[in-house]
Amino acid sequence: MNSPTDVAGVYHLTRFIAVILRDAGLSNWYFAAYGALYLLKKLKSRFPKARGSCGFRLFLASFMIASKTMSDIAHTNGEWAEMGMSLFSTKVLFRMECEMFNYLDWKLIIRSEELEHFIAQVQREFGSHLYD
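Going by my numbering, the sequence shown opens with residue 548, and the numbers climb by one from there.
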């Protein structure tokens, strides 16, 4: 199994995210992706000085949680491992998910108004070309 640092030159985070979004097969991938970013924002606001975690790890854990709370499709950790380009074993994925639960103090529900506000904020700041 490769580690994210071993493949950093081969897989860019943007490619990694694109593969996960495609392979997850969620009809609401757009909202789950923003949900993942919202959870990462909450994590950053709880630990503003934290540094050094792998973007691959953070995005996959947050997207797993967002998709589980926002979608009817339930993927196994084995499926998530495959979608994650086999960078993480199922045991590591389980640990990543549990760590994220704890770091977010188990506050995982994303209310629709919060998500809509967050999406608007991101689109104002960075623009949106998804549906233009």
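Careful, some of the hints might be misleading.
Mimicking DMTMM-like on lysine to aspartate or glutamate, the simulated pairs with C-alpha atoms at most 20 angstroms apart in a straight line are [to be verified]:
hint	residue 1	residue 2
1	615	570
2	588	661
3	654	644
Pairwise CB distance ranges (calculated) [what the hints assert, rightly or not]:
hint	residue 1	residue 2	range
4	602	569	16 to 26 angstroms
5	629	574	14 to 24 angstroms
6	619	566	13 to 23 angstroms
7	668	616	14 to 24 angstroms
8	669	559	28 to 38 angstroms
To be clear, the hints were calculated from the coordinates, so they are not data collected in a lab.
Think of the CB as a built atom: it goes at the ideal place given N, C-alpha and C, for glycine as much as any other residue.
Hints, verified against the model:
Taking the CA atoms of residue 615 and residue 570, the gap is about 15 angstroms. The hint holds against a cut of 20 angstroms. Simply put, residue 588 and residue 661 have alpha-carbon atoms about 12 angstroms apart, close enough for the 20 angstroms limit, and the pair holds. A threshold of 20 angstroms between alpha carbons decides the hint, and for residue 654 with residue 644 the separation of about 13 angstroms falls inside it, so the pair holds. Against the hinted window of 16 to 26 angstroms, the Cβ-Cβ separation of residue 602 and residue 569 comes to about 18 angstroms, which satisfies the hint.
Checking the proposed 14 to 24 angstroms range against residue 629 and residue 574 shows it holds: the Cβ atoms sit about 20 angstroms from each other. Checking the proposed 13 to 23 angstroms range against residue 619 and residue 566 shows it holds: the Cβ atoms sit about 22 angstroms from each other. Taking the beta carbon of each, residue 668 and residue 616 are about 20 angstroms apart, inside 14 to 24 angstroms as hinted. For the hinted restraint 28 to 38 angstroms between residue 669 and residue 559, the CB-CB distance of approximately 20 angstroms leaves it violated.
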